[in-house]
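Residue numbers (this note's numbering), protein chains in the order written: chain A, 13 to 779; chain B, 32 to 241; chain C, 235 to 558.
By construction, these hints were calculated from the structure, which means they are not laboratory data. Warning: the hint list may mix true and false statements.
[Stated by the list, open to error] Keeping only pairs whose Cα atoms sit at most 25 Å apart, straight-line, the calculated SDA-like set for lysine to any residue is:
id, chain 1, residue 1, chain 2, residue 2
1, A, Lys-109, C, Asn-275
2, C, Lys-380, A, Glu-637
3, A, Lys-646, C, Ala-540
4, B, Lys-157, C, Arg-242
5, B, Lys-157, C, Tyr-294
6, C, Lys-380, A, Thr-640
7, B, Lys-157, C, Ala-312
8, C, Lys-328, B, Ser-207
9, A, Lys-75, B, Glu-179
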Amino acid sequence: MGMAKTEYFAKRIKTVHEEEGEYRIIEIILPDREAEPLGQDETLEIIGKPHTRVEALDILTGKAKYTGDVMLPGMLYSRLLRSSKARAKITNVDVGKAEEMPGVKAVYVLPKEQVNYQGDIIAAVAAETEDIAEDAMRAIEVDYEELNHVVNVDMAMRSNATQIREGGNLSRPRTSERGSVEEGFSQADKIVEAEYSTQFELHQPLETHGQMVHWKDDEILYYKTTQGVQSARDAIVRELRREYPDENISSNNVRVVTNFFGGGFGSKLGANNFVAVTARLSKITNAPVKMILNRYEESLDTGNRPNSVQKYKIGVKNDGTLTAIELEAHGSGGISSGNDNLTTPTNEMYTCPNTRTTVGSVYINAGNKKPTRAPGYPQAFFGFECLMDEAADAIGMDPLELRKKNYADKSAGGTGRPYTSNGLMQCYEIGAEKIGWSRRNKTPGSDSGVKKRGMGMADLQWGGGGYAGAVIEVDIFKDGTVNVRNGSQDIGTGTKTIMAQVAAEELGLEIKDINVQIGDSNFPPGIQSGGSNTAASVCPAVRNGALEALRKLYPIVASRFNVDPEELESVKGRIQVKDKENIGMYFKEAAALMPENKVMGEGRRAPNPREYAGATFGVHFCEVEVDTETGLVKVLKAAAVHDSGRIINPLTAHNQVVGGVNQAVDYALTAERIMDNYTGCVTNPNLLDYKVITAMDVPEIDVFFVDIVDPYWNNLGMKGLGEPPRIALAAAVANAIYNATGVRFRDIPITPDKILEGLAARKEGGS
Amino acid sequence: MSKSHQKDSGGDNGFSRRSFLKGVGTGVISTAVLPGVVSAGKYAEKIQSPQEWVTSDAITLNVNGENRRVTVESRATLVSVLRNELNLTGTKNGCGTGECGACTVLIDGEPAYSCLTLAMDAVGRKIVTIEGLAENGQLSPVQQAFLEYDGYQCGYCTPGQIMAAEGLLAKNPNPSTEEIKRGMSGNLCRCAAYQHIFISVAEAAKKGGR
Amino acid sequence: MKNFAFVRARSVKEAVLSLGTDWNEAAVMGGGTDLIGEMKNYVHTPNKVVNLRAVPDLKYIKQDGNLIKIGALTSIAAVETDTLIKSNFAALSKAASLVASPQLRNMGTIAGNICQRPRCWYYRDSGIECLRKGGRLCYAMVGENKYHAVLGGLGCYIVHPSDTAVSFTAFDAKIKIAHPDGEKEVNIEEFFVLPEDDLNRENILKPNEIVTEISVPIPENGTKSTFIKVQERGVWDFAVAGVAVSLKLDGNRCDKARIVLGAAAPIPWRSLDAEKELEGRTINEETAQRAADASVYNNMPMTGNAYKVQLFKNIVKRAILELV
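Required output: the full structure, derived from the provided sequences and hints.
Here it is, written out as structure tokens:
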């Protein structure tokens, strides 16, 4: 490998590609030449050092244009009329009054005979102002013929339940098996069985979903809140072609732009169900049309994290060896098909030869699921990591020791390919020390007093090592400035900044010399920002792109000094013979000598090594205080320790972990979509009753990254960090509450009513 | 369990979704507020005539030190006028009902939600938005601290957070950690970068706040 | 939000004359934080909004003899930080400090706070015609009712959402009300009404009446008070349970007690039974417990809110013991 090799080989290979938990075979193009991997002890100038965000000034002064901030001349505003019923036939839609209103430019009724959840789209209007659009939307009269609905998962599963779709409310469960659980359980000294459940979670980004669409002649331009400008573009092309079979709609005349993006957490992946209707209004009115959802719509119809019910059975020997794990689970994606993947902790987290998982899904009359920061994992890790705690309790072992005992250095519970790296052991050491694990109650519930403290911990694992597919264009201009372009986007994680860091490092320049351009579907192939994949997909390709650009610049310098281009390097703003500062010239001088006004490097990323498995790991510890009189739980402190390979920007990485941990606090304690069985409506489609974490609820958080550069995964030794911080804490909190009170809470969010009822039941039970 | 109640209010009393249709017409536009009142009796006569009601008006708002004249409907909220009429899109609309804080601006020096403030009700008061902080390209100490300590992620709540911090430090230049948390507790950050926000505010205070 | 006529009242008289006699016709706006929310949700769609900002002399906290008088338009933040209130009415100051968020305390007025409409999620959903809005059914009775009333809810099971009203009740505040023919003053306990008396309103105000002042008698020497609010989030949440306790103490002996529960009932719920358990007795663990148990006497929990009964007992006891 490395710089010495000069042969160019562009070839294609087939590889496995993971996206949103789904695997598919894709064909990818290998990079022409792969940059030499940066190892553990590499001395780096910019990578690995904290750097403030390159887009900071725009954000901090209010200049940043998020989708809703874009104003186009002559634009109209659109509102959507949504079903107030959970399930009903639509017998008539009268738009007469709406159309007559002054300022109303178009009213469109979707060809839909039935609505299947509260918030289902029925019609759309476009008008001169937001308020007129709202008035017109409300002036549309809909006649419903109400049908029986089911919004409760337990009720949907009953044999006498109203079947809300053809094929019934239940999908056929998927079972997978490794080894023999029967044999495993027969070897166990203790068998623990427990059932856990988790709530429906809403993403609730502060920027609601929206788009501005301008269909002008043959060009269709979308400003859109999306986590994937190109995947959205592809979805839009598909959808619009279906709606307009006679129009010329293709990838080269649909453009999607996301300059600034106000949070998505998965809900803004792909296209949305409103994607085509705004385009239709734009076509009808021949004007740009802006459509921004309000909070009510955001809460009802932009996705959610499915609930889950997980029944576990785990076999463990007295020395802590896991012998078998069985999981039977279900969850609901609302009206959409499928449930999240709930099997990873059972099948992957620890060494265990025998596992069986059966996961089904249930349909109810509620909005679709969408990937939600680590789809499936916070649910599954809540159940499973509480189960580990209960198993440790059953054999009288320290829960931390039980986990160490079952450390897996290979995937598939120790039966598959070796991991490229697994820093869990270091995570355990650091985390235990930072939280003061030795201080915890040796006997759960032994803390005296009204406010009881306790500690808990939980492990996490996620993929998120990125994949091949991104192509980076690195342009060096004649004036020595650099553009780095790619069809990815920054969803708030700091993607732009780390791309600039990697480019600057490789080019021997400063971050200020680099202009990163992303968020436009017309840019070179990018990565949709989901699954913690963006950083580790894009950054290795940035390196290759920078090197490729340099290789086009080097011959100009080499001929001046009569040396081989391969002898050159670009460091500290100079292009020079390696280790010979006096033979060379400034980068800007070299650029000025270019015959054309820029050179372009094209960088790809090598596929992940097939002989290894790659994963990110981490451990979350926390200390809680339970007020046994009010039922309030306060997370006092958390220690979050992560193995995500090389950290490119410790400042934004720290922030990312803090945010994930905080979000997990509301998942554990307060946030839950609540539905009313009778009306079929969501009772809390707002940010008051849907209780996300506030400034007053955040714990003190210690964030640590183990110092491991992944040796094989990619040329930077980096892995993902978006989802991991969101996965483990809810289980750690529940385990800490158990440690504090001696009462096990198996259903999140653990709200005061549950705490008080749980404590009362224990008192009555006399235990 | 439930005792049946005596009163039967008899269904639709005007709270239905469609009741707005019965509302007053919006066609009457006056450019002045109600005329001066001589006596209550006279006033009462006037106000009972819907034709005299002001549903739209030309008003002057003082935003970032400048007087801006706009014609708005009564229902126009401050956030909507800032964004749609004055093109000050730094102020965000996250929920519309005072549940997220993204629309926070300073009104007469105090942090307030511009989504729950009618533009007409902001007349005669001094409004400062995120666009009014930096002077000649020089960030305010709060903005500078948010930059240095990464007091944000996606940045959408950030203008509101910064305005809340400006208001807090104007009143309390040396807040304790707990006072910072409390002072910033009317602004959600869904990316949940709270600890970075707190540090940013603390550092801004050290450097003299505003 | 439906458009409306915006009326800038310049006097109390103008305001009440502008309001008229139909709830659906006109609404009064102080800080507007509750009203605009209702209007944006189409729960309330008045044709006219009478704004009080230009009305002079409604913003004050002042001592007048034995009374502390608070003008209706005084911000909740001002009540929270005022030293007269802090020194005389700790439970009020604390309740104000726990209202909503800093911005809402800056914007919201004290009269608006005690007059805010219920937060019941069925009430706040414009698509649902519940009993309080003139419909035929209380949806909470058969639905999601974990935050609903355990006391005093006959027919309608809202809880009164105001924190400060709970403390005002513990201090025997009086509410001054202006109406077209003049003004009147009522005891706060006469101000709030139960569903059995009026299914549609939480207080006695008529459409053309507004609160102009809240006056609170300075407590006798030896009086101490506190307020506890249990909210699921650390801030910006309505109470799951609240309590204001004011005790006149002679040593640990209680001469006079006021115990008022918040988020328990459709009105701030003064618990005479609990007060009786304390008056004339020495406050200790046992008497506090007896008062706590008595505070929820006659409770009628629903399917999802039985936990609140124990919760009220716990915080009543805690609040009482905090004062000795």
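Status of the hints after comparison with the structure:
1. Lys-109(A) / Asn-275(C): holds, 21 Å
2. Lys-380(C) / Glu-637(A): holds, 23 Å
3. Lys-646(A) / Ala-540(C): With a Cα-Cα distance of about 23 Å, the restraint between Lys-646(A) and Ala-540(C) holds, given a limit of 25 Å.
4. Lys-157(B) / Arg-242(C): holds, 18 Å
5. Lys-157(B) / Tyr-294(C): holds, 21 Å
6. Lys-380(C) / Thr-640(A): It holds: about 19 Å lies between the C-alpha atoms, which stays within 25 Å.
7. Lys-157(B) / Ala-312(C): holds, 19 Å
8. Lys-328(C) / Ser-207(B): Satisfied, since the Cα-Cα distance of roughly 19 Å is no more than 25 Å.
9. Lys-75(A) / Glu-179(B): The given pair, whose Cα atoms are some 18 Å apart, holds under the 25 Å limit.
In this structure, none of the earlier numbered hints is contradicted; all agree with it.
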